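Engineer: In case you want the letters, here they are:
Number of protein chains: 2
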Amino acid sequence: MTKKKIGIVLFNEFETLDVFGPVEMWGDLPDYQVFMVSQNGGLVKSAQGVETNATYSFDNAPQFDILMVPGGMGARREVNNSALLEFLRRQDKKTEWTTSVCTGSAILAKAGVLKGRRATSNKLAYEFATSQDRSVLWQGSARWVVDGKYVTSSGVSAGTDMALGLVEIIYNRQVAEKIAHETEYIWNDNAATDLFSVGKSD
Amino acid sequence: MTKKKIGIVLFNEFETLDVFGPVEMWGDLPDYQVFMVSQNGGLVKSAQGVETNATYSFDNAPQFDILMVPGGMGARREVNNSALLEFLRRQDKKTEWTTSVCTGSAILAKAGVLKGRRATSNKLAYEFATSQDRSVLWQGSARWVVDGKYVTSSGVSAGTDMALGLVEIIYNRQVAEKIAHETEYIWNDNAATDLFSVGKSD
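Chains as they are written, first to last, in my numbering: chain A, 5 to 206; chain B, 5 to 206.
With the rest of the complex left out, here is chain A:
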C-alpha cells in the first residue's frame, strides 16, 4: 500500500524544533511518510544553523495528505513570499489536515486559508501573527487548536504536543501514548492548557 504523505515546508531560518518535534512524533507512523519541501528543493538552513535537505520543490511536490508549516525568524519574511503563499493555497485545497507550529500559522493566515477559523500561534509573536489576518478567530490561550482540518499550535515545543494530538485524532489515544512512551516524551496532552498564554481570544 502506498503510504500517505506528510509534507513539511522549509524556508531559510525556520525554527529547528518546530520541524523536528513533529518529525519525531510522525516519522514512525505505519501509514505515513514524512517529506521535506521548499521553494527550490535542496539544502535549507534553520535559524539554529543546521542544514536539512528538501527532497521536493514547490513545482515537483506531490499532493500532501498532511501539510505542516513551521515558524521561526524566517516566517517574518515568508509571509510576503507569494510563491509560498500560492503553494500553500494550492496544497490546502486537497489536504486532509493543514497544520502549523509557532508562526507557521501567520503564514497560513496570510495565505488566506484560516479565515473564520479558530487558530493559535507563538505567544511571543502574537501581534505579528494575528495581524496577518484579523478575520481568523485567534486564540490567545491554547497549546494547540483544532478547527476542522486546521490544526495550529503555539510556539516551538507546542508543535510536538500538537503532533501527538493529531495522532490521537487520526489513530487513537493508545497510539499517541505509545509514541510518547517510546520517545520518553512527557506529553503536555491538554490542548487548552497554555502556560505561555497571552490570555485573550477573538
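If you are wondering where the hints come from, they were derived from the structure by calculation, not from laboratory data.
Just so it is clear, the structure is predicted and the values come from calculations on it, not from any experiment.
Among the hints, erroneous ones may be present.
Which copy is meant is left open, so a pair is good if it fits within one copy or across any two.
In silico lysine to aspartate or glutamate, EDC-like type, Cα no more than 20 Å apart, as pairs [as the list claims (entries may be wrong)]:
#1 LYS9 to GLU172
#2 LYS7 to GLU55
#3 LYS98 to ASP63
#4 LYS7 to ASP32
#5 LYS7 to GLU100
Dock chain B against the given chain A, drawing on the hints supplied.
Structural biologist: Using the frame of chain A, we list chain B on its own:
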C-alpha cells in the same frame, strides 16, 4: 571572538529528536556554534527519514568544545564502528563536555570513555546500553546524569532536558529558563526525576 564549537555526531538512522532537541536549546547561545559531523560528511538520513547535512567528516573536523552523541536504531550498528569509536576517543581527550542522548551513551561506553563514571541511557534499550561496558556506573533511574564533564541523558526527549541542564551549568539558571520560555518548552528540570525509570542502578 571565535565561538566555541558544539559537534553533534551523525550516523545513518540516528534518532531525529535526539539531535534536534539539543540543537534547538544550544543553537542560539551567544558563545557557541553547532556543527554536524559524520564519518564522511554530507547528507545523513535519520531513523525518521529526514536528511541532515554534516559539514565535517571525522578527518577534517576541528576539536569540539562540546561533543554530543545521539542514539537511535543506527546506534546498534555504530557500537561496532571502529572509526567512530576512535574519533570519539580522540575528541574526548580535549572536550570541555562530552554528552549523549539515548543510546548515544552506549556508543560512548563502547569507546571506553565512561569507565567508572555514572551514566544513563534509554530505558527501553537499557540492557543493550549497559552491556557495552559493565564498568560504567549505570543509573537506571535518571532523566540525565552529570559526572565530571560527562553528561548522559535518557531516551530521546530527555536530551532536550539535558541540553537545558548543561546550559544551567555553563551559564546559569536564568539563561536556561529564558531559552525554555522562548521556545514555550516545559522543561523537566529535575535530572533525578525519571518517569521511565527501570528502577535499578549499579
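Engineer: Failing hints, ascending?
Structural biologist: Violated hints: none at all, because every hint is consistent with the structure.
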